[in-house]
Amino acid sequence: MQHERLEFAVLRRIPLHLKLQDDRELTGLALDVFTQDGAEWLKFRDGSDVEETLRLDRIAAFSEL
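Per my numbering, residue 706 is the first one in the sequence shown, and the count goes up by one each step.
Rather than coming from a laboratory, the hints here were simulated on the basis of the structure.
Each residue gets a CB set at the ideal place from its N, CA and C atoms; glycine is no exception.
Zero decoy hints are in this set.
Here are the in silico distance ranges between beta carbons for each label pair:
#  : residue 1 : residue 2 : range
1  : D727      : K748      : 17 to 23 Å
2  : R718      : G743      : 26 to 32 Å
3  : E769      : G743      : 24 to 30 Å
4  : R750      : H708      : 15 to 21 Å
5  : D728      : G752      : 16 to 22 Å
6  : E745      : R717      : 18 to 24 Å
7  : E709      : S753      : 25 to 31 Å
8  : D742      : P720      : 26 to 32 Å
9  : G752      : E712      : 19 to 25 Å
10 : R717      : G743      : 23 to 29 Å
11 : S768      : K748      : 17 to 23 Å
12 : T758      : P720      : 15 to 21 Å
13 : P720      : L761      : 16 to 22 Å
14 : S753      : D727      : 15 to 21 Å
The whole structure should be built from the sequences, with the hints applied where relevant.
Have a look at this one:
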C-alpha cells in the first residue's frame, strides 16, 4: 500500500513529509517510484531542490501535506 500511495503522490504532485529510519526528516515532492535491483525506490526532491533516491524500506513513515 505504501508504494501505491507514493505513486499517487507522484501523479498528483502532492508534497510529502518523510521520516526516515536514520531519524532524518525530509519535506518535498516525490518524483518517481520504481523497482531496481530487487528493491523499490523513491526519487525525491526536497525544499532546497536537492534530489535524492531513497529505498522505500528506509522510509519509516510519511504524510501528505
